[in-house]
Amino acid sequence: MKKIKRLAIAALMSTAATGAFSQDPLEIVFTVHSGASNTFWQAVQKGYEDACTKIAANCQMVYVQTDGSIPEQVANMEAAIARGPDALITSIVDNTAFDDVIQRARDAGIVVIASNVDDLEGAAGNARQAFVGQGFEPAGYGLARSQWANMPKEGPLHILVGVSGPGQNWSETRALGVTNFLDEMIAANPDRKITYEKIDSGTDLAITSDRVGAYLSARPETNAYFDTGFWHAGVAGVLRDRGVPPGQVLLGGFDLVPVVLDEMDTGYIQVAVDQQPYEQGFLPVMMVYLAKTVGLAPVNINTGEALVYPKDVASVRELSEKGLR
Amino acid sequence: MRRLFKLSLQKPELVSAVLLIVLALVFQMSSNAAFLSLDNMRGILGLLPETALVAVGVTLLMICGEFDLSVGSVFALMPMTMAVLIVGGWPFWLAVLTGLALCAFIGFLNGWLTIRFDIPSFITTLGMMFMARSMTVVVSGGFPPRIKPGEVPSWMFVGFVDDGNLIRASVLWFAGIAILIALLLARTNFGNWIRATGGFMPAAAAMGIPTGKVKIACFMICSVLAGFAGMIQSLRLNSFLPSIGEGMELQAVAAAVIGGTSLAGGIGSILGGLIGATLIRVIDNGMVMSQVDASWFKFAIGALTIFAVVGNAWLRRRGRAMKVETDK
Numbered sequence: 366m367k368k369i370k371r372l373a374i375a376a377l378m379s380t381a382a383t384g385a386f387s388q389d390p391l392e393i394v395f396t397v398h399s400g401a402s403n404t405f406w407q408a409v410q411k412g413y414e415d416a417c418t419k420i421a422a423n424c425q426m427v428y429v430q431t432d433g434s435i436p437e438q439v440a441n442m443e444a445a446i447a448r449g450p451d452a453l454i455t456s457i458v459d460n461t462a463f464d465d466v467i468q469r470a471r472d473a474g475i476v477v478i479a480s481n482v483d484d485l486e487g488a489a490g491n492a493r494q495a496f497v498g499q500g501f502e503p504a505g506y507g508l509a510r511s512q513w514a515n516m517p518k519e520g521p522l523h524i525l526v527g528v529s530g531p532g533q534n535w536s537e538t539r540a541l542g543v544t545n546f547l548d549e550m551i552a553a554n555p556d557r558k559i560t561y562e563k564i565d566s567g568t569d570l571a572i573t574s575d576r577v578g579a580y581l582s583a584r585p586e587t588n589a590y591f592d593t594g595f596w597h598a599g600v601a602g603v604l605r606d607r608g609v610p611p612g613q614v615l616l617g618g619f620d621l622v623p624v625v626l627d628e629m630d631t632g633y634i635q636v637a638v639d640q641q642p643y644e645q646g647f648l649p650v651m652m653v654y655l656a657k658t659v660g661l662a663p664v665n666i667n668t669g670e671a672l673v674y675p676k677d678v679a680s681v682r683e684l685s686e687k688g689l690r
Numbered sequence: 599m600r601r602l603f604k605l606s607l608q609k610p611e612l613v614s615a616v617l618l619i620v621l622a623l624v625f626q627m628s629s630n631a632a633f634l635s636l637d638n639m640r641g642i643l644g645l646l647p648e649t650a651l652v653a654v655g656v657t658l659l660m661i662c663g664e665f666d667l668s669v670g671s672v673f674a675l676m677p678m679t680m681a682v683l684i685v686g687g688w689p690f691w692l693a694v695l696t697g698l699a700l701c702a703f704i705g706f707l708n709g710w711l712t713i714r715f716d717i718p719s720f721i722t723t724l725g726m727m728f729m730a731r732s733m734t735v736v737v738s739g740g741f742p743p744r745i746k747p748g749e750v751p752s753w754m755f756v757g758f759v760d761d762g763n764l765i766r767a768s769v770l771w772f773a774g775i776a777i778l779i780a781l782l783l784a785r786t787n788f789g790n791w792i793r794a795t796g797g798f799m800p801a802a803a804a805m806g807i808p809t810g811k812v813k814i815a816c817f818m819i820c821s822v823l824a825g826f827a828g829m830i831q832s833l834r835l836n837s838f839l840p841s842i843g844e845g846m847e848l849q850a851v852a853a854a855v856i857g858g859t860s861l862a863g864g865i866g867s868i869l870g871g872l873i874g875a876t877l878i879r880v881i882d883n884g885m886v887m888s889q890v891d892a893s894w895f896k897f898a899i900g901a902l903t904i905f906a907v908v909g910n911a912w913l914r915r916r917g918r919a920m921k922v923e924t925d926k
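Line order of the protein sequences matches chains E and P. Counting from 366, one number per residue, gives the positions in the first sequence under this note's numbering. Counting from 599, one number per residue, gives the positions in the second sequence under this note's numbering.
No lab work stands behind these hints: they were computed from the structure. Treat the hints with caution; some may be incorrect.
[Unchecked claim] Computed cross-link-like contacts, EDC-like style, restricted to lysine to aspartate or glutamate with a CA-CA straight-line distance of at most 20 Å:
1. Lys746(P) x Asp415(E)
2. Lys746(P) x Glu686(E)
3. Lys746(P) x Asp606(E)
4. Lys657(E) x Asp677(E)
5. Lys896(P) x Asp548(E)
6. Lys563(E) x Glu502(E)
7. Lys676(E) x Asp630(E)
8. Lys746(P) x Asp677(E)
9. Lys419(E) x Asp451(E)
10. Lys419(E) x Asp677(E)
11. Lys563(E) x Glu549(E)
12. Lys419(E) x Asp432(E)
13. Lys411(E) x Glu392(E)
14. Lys657(E) x Glu670(E)
15. Lys657(E) x Glu502(E)
16. Lys687(E) x Asp627(E)
17. Lys896(P) x Glu844(P)
18. Lys746(P) x Glu549(E)
19. Lys657(E) x Asp432(E)
20. Lys746(P) x Asp630(E)
21. Lys518(E) x Glu549(E)
All chains should be modelled from the sequences, with the hints used to inform the complete structure.
Quick look at the structure:
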């Protein structure tokens, strides 16, 4: 018993000594709407942890158990605020659900930065101080505009748009960007029959490939498929199995997971949009550091509407495998 | 004839089999005959063996009177473990066996904890569902390992076996495994033990059946089948992602129930589980083909589950009530 007491006292003295001679490390919490098994978020987490290591901050990344669960994410934010961190970084996947909890965090003096997904109203939507991430609508628009160059120049066009997460800001807004561009093309080509359709394409390679495969069987005249995530990579396999040559049904989507890069190599995917997930984890931490140490206000950073083509794959793959893109 | 009709009414998979035929016809008509086209069948037959293998395992376990909610996570854990080992330099077959052994161990743990501490398998496997999913992420370090096409003998599991590129090897693997398990259930003492254990465990135990061991064996078979199915899917898509199989556990339970398996145990068939899994895939696929808003997919599965259970119960009652002449 005496030994335990001695150990406890030694531990307390050690803690007190550390606090007396060094500045308290920053406490930062990052809450996201995704489950831990989503590959994309692992690159964000890597950037976040690397940045935290550089500034010697105490950091925690909190995932939800059910992918996309807003109530779980709000609960995680509440729990984080109760601990009184210096900063809260979060993805804002709903336009209203986070308003109250973000306001309370700001009232408590916590720096709040949105990452990856923002309120559709931007800064006017809630009290967050900055957003680091992709502009989803311009990204969708840019994807469609880029792929347009590969479309047949004459004759009717039919295009399928897969909404991976119906009702979720990131997916719906990317799809909106794609369809906005298509609407412009329809208006600009009144003599040409251009149509498009949206489906719930799912967030699983196997399910997306099955659903889009079924759609292509029903509408074999489909010229292109846009996915709001990376699940169009599964559709490439369907086309290969059917003996459809690369380029006959154009494929484009978002994010550079290894299977997307593989299918760009085969020629089935012509273009992908990269949103730099590593930066979405890394940069908010740096902003927190500047805000807390020298008082600089966090600023919006667009991490990307970068378009990646098959010719870029070799250079991108190296970074992707390191978890940097 | 009347006796045959009475027996048919009491077959648990009858309602779902009739539904499957009706829906296939409806989708065939509403999709301008594209539903049964070669291209679409290739798609259905690609995914079906994977989901049906899981459904077969869950059906067997439910007949034994237990649930397994961890199958979706095991579905992801096995191929991830295998891929990480292969990338680490292990031979393919050793990596496969290690992955399957891990699944068997998880199944054993599910069964042992359930029996040893007398807790509902719903709870045990719910916990394992989270643990196995977490392990999948941990094993991969968050980043999916990359296995180049052709680096492993995928063709043995997912290569096409016919000239028309319609049937994959996975269909044959599935058929072989399903037949083996159906025979195990119908023709062996072990099969009788499973039904007896699921039907009324105290009586089964009183007859000397090792009910605990029977249940643990079923948990292990269920887990190994889920892992094997996950491996097939990952090899087919040539992508090893930690997120695959999410939500699969409930679809597998729905498939078993739609196929006539009783939630209380003791009643059900492997054929029923297969029909249930096929129905779910047919509805998903057919709704897209018929250009019905796919947001209704889950509604359709839910309605189908309720309808199948109500229909099965009603037919069983009618079958029992039907009077037939007995031989004198």
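Status of each hint after checking the structure:
With a C-alpha separation of about 29 Å, the suggested pair lysine 746(P) and aspartate 415(E) falls outside the 20 Å cut-off, and the hint is violated. Between the alpha carbons of lysine 746(P) and glutamate 686(E) the distance comes to roughly 13 Å, so the proposed pair stays at or under 20 Å and holds. For the proposed pair lysine 746(P) and aspartate 606(E), the alpha carbon gap of about 18 Å is at most 20 Å, so the pair holds. A hinted pair counts as satisfied when its Cα atoms are at most 20 Å apart, and lysine 657(E) with aspartate 677(E) does not qualify at roughly 38 Å.
Taking the CA atoms of lysine 896(P) and aspartate 548(E), the gap is near 30 Å; set against the 20 Å cutoff, the hint is violated. Straight-line distance between C-alpha atoms of lysine 563(E) and glutamate 502(E) comes to about 16 Å, which keeps the hinted pair within the 20 Å bound. As the CA atoms of lysine 676(E) and aspartate 630(E) are separated by approximately 8 Å, the hinted pair is consistent with the 20 Å bound. Straight-line distance between C-alpha atoms of lysine 746(P) and aspartate 677(E) comes to about 18 Å, which keeps the hinted pair within the 20 Å bound.
Among the hinted pairs, lysine 419(E) with aspartate 451(E) is consistent with the structure: their alpha-carbon atoms are about 17 Å apart, no more than 20 Å. For the given pair, lysine 419(E) sits about 30 Å from aspartate 677(E) by alpha-carbon distance, which is inconsistent with the 20 Å threshold. Between lysine 563(E) and glutamate 549(E) the alpha-carbon distance is near 17 Å, which keeps this suggested pair within the 20 Å criterion. The suggested pairing of lysine 419(E) with aspartate 432(E) is violated, with an alpha-carbon distance near 30 Å, which exceeds 20 Å.
With a C-alpha separation of about 17 Å, the suggested pairing of lysine 411(E) with glutamate 392(E) holds against the 20 Å cut-off. As the CA atoms of lysine 657(E) and glutamate 670(E) are separated by approximately 30 Å, the hinted pair breaks the 20 Å bound. A threshold of 20 Å between alpha carbons decides the hint, and for lysine 657(E) with glutamate 502(E) the separation of about 32 Å lies outside it, so the pair is violated. Of the supplied pair hints, the one linking lysine 687(E) and aspartate 627(E) holds, its CA atoms being roughly 16 Å apart against a limit of 20 Å.
A distance of roughly 15 Å separates the Cα atoms of lysine 896(P) and glutamate 844(P); the hinted pair therefore holds under the 20 Å criterion. Restraint check for lysine 746(P) and glutamate 549(E): the C-alpha separation of about 40 Å exceeds 20 Å, so the hint is violated. Taking the CA atoms of lysine 657(E) and aspartate 432(E), the gap is about 32 Å. The hint is violated against a cut of 20 Å. Between lysine 746(P) and aspartate 630(E) the alpha-carbon distance is near 12 Å, which keeps this suggested pair within the 20 Å criterion.
Simply put, lysine 518(E) and glutamate 549(E) have alpha-carbon atoms about 16 Å apart, close enough for the 20 Å limit, and the pair holds.
Figure legend: structure checked against the earlier numbered hints; hints not met, in rising order: 1, 4, 5, 10, 12, 14, 15, 18, 19.
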